[in-house]
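**Q** Chain by chain, the residues run as shown.
Number of protein chains: 2
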Amino acid sequence: MDKIPEPTIERLFCYYRCLEKEKNSLGQSHICSNLLGEKVGIKPALLRRDLSFLGHMGQKGKGYNRFLLKKALAQFIGLDQGWEIALIGAGNLGKALIKYDKFKEMGLFIKNIFENDLNKIGREIGGYIVQNVKDLKETIENKEIKIVIVATDDKDIKDVTSQLKQTNIRAVWNLSSENLDLGDDIIIIKEDLCCSLGSILCKINK
Amino acid sequence: MDKIPEPTIERLFCYYRCLEKEKNSLGQSHICSNLLGEKVGIKPALLRRDLSFLGHMGQKGKGYNRFLLKKALAQFIGLDQGWEIALIGAGNLGKALIKYDKFKEMGLFIKNIFENDLNKIGREIGGYIVQNVKDLKETIENKEIKIVIVATDDKDIKDVTSQLKQTNIRAVWNLSSENLDLGDDIIIIKEDLCCSLGSILCKINK
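Chains A and E are the protein sequences, given in the same order.
Residue numbers in the first sequence follow the working numbering, run continuously in steps of one, and reach 367 at the last position.
Residue numbers in the second sequence follow the working numbering, run continuously in steps of one, and reach 367 at the last position.
Please note: incorrect hints may appear among the correct ones.
It does not matter which identical chain is used: a pair holds within one copy or between any two.
[To be verified] Here are the simulated PhoX-like pairs of lysine-lysine, each with C-alpha atoms no more than 20 Å apart in a straight line:
#, residue 1, residue 2
1, K184, K204
2, K281, K298
3, K281, K326
4, K164, K265
5, K281, K260
6, K316, K367
7, K184, K223
8, K367, K164
9, K307, K232
10, K281, K307
11, K204, K319
Since the hints were made in silico from the structure, they are not lab data.
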């Protein structure tokens, strides 16, 4: 298969979300690229190109079978199974993520919370006890966790990096403002909230 | 000036952040593109191209003057002034954003919080009283607010959209999973947390 462009990967997920949201609403068995594109805010031609990575899904004049398309997207993305995710950082942002119902609806469960702040270790958030970040390696091995969310203070990043390096995780969603140096084998997606808001400022200012 | 590419705008902000973080540390007056690039995780050639949008900032053999570069970036982005921002949605995510110190450090102040959940209106979060979303227009006009963050439940999006349409805001940072239909004059940056985590899954699964 051709290498899938990064933005396509993100959009595939949005198509899935859109179909998932509508699963309980009565409607046509098929959806055309114009309508699906309108719902997710993507131009139909781009949407058709994105979905072509799944194989031949669309039928001329009918569009996509909603059920089959959703199933194919779920399999492609990996949403046909549940995922246990670890979170490092039990601050305000971390707490919001733990309580974010949409993750659970998609089968993404943040059940393992880690901190290196002794004041936070042992506390309960969303039904789970905050653990010492020093226990990260053991928990990740035992539970075969592949994804870690980093939402710590910047000052803790060095410590967190050294803990993460000892594990065999596959991917990190880095919500801190620091870069994580974990080598080339681990997928890192960085999302700096300040950068998002900053780029809005920049656009207004132009 | 040439139109600035979207990713450049986001990176310009990251360069600013990096210089801002180091302002109190002793060091050289200048920084070369290799070092600044390493700190922000951007290749030096790309960094130099990004910074070329600010005019001729770099000196051959010396690099960029940290103070002047930071000042130029702040002016370019609009961080040489404070910004009052409105937030719609006082749920877990909204609360985390209100308490997010990094916004304040950058002069971005979330002082106006709105809800249409009667149970939340009137409560205090981070020193500010949650207002009725029906008062959005008046507050935005009185305080000349240009940026609104939307972090509401999806079910409230229609109501929020109609409230936002009555205002003369310039930009929205949409953290809900719904699209906002506000016409072409308002800058909308959508950031769906589920899409970020979903694209990580997709990458692991490939």
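**Q** Check each numbered hint against the structure and report the violated ones by number, ascending.
**A** Numbers 1, 3, 4, 6, 9, 10 and 11 - these are the hints that the structure violates, sorted from lowest upward.
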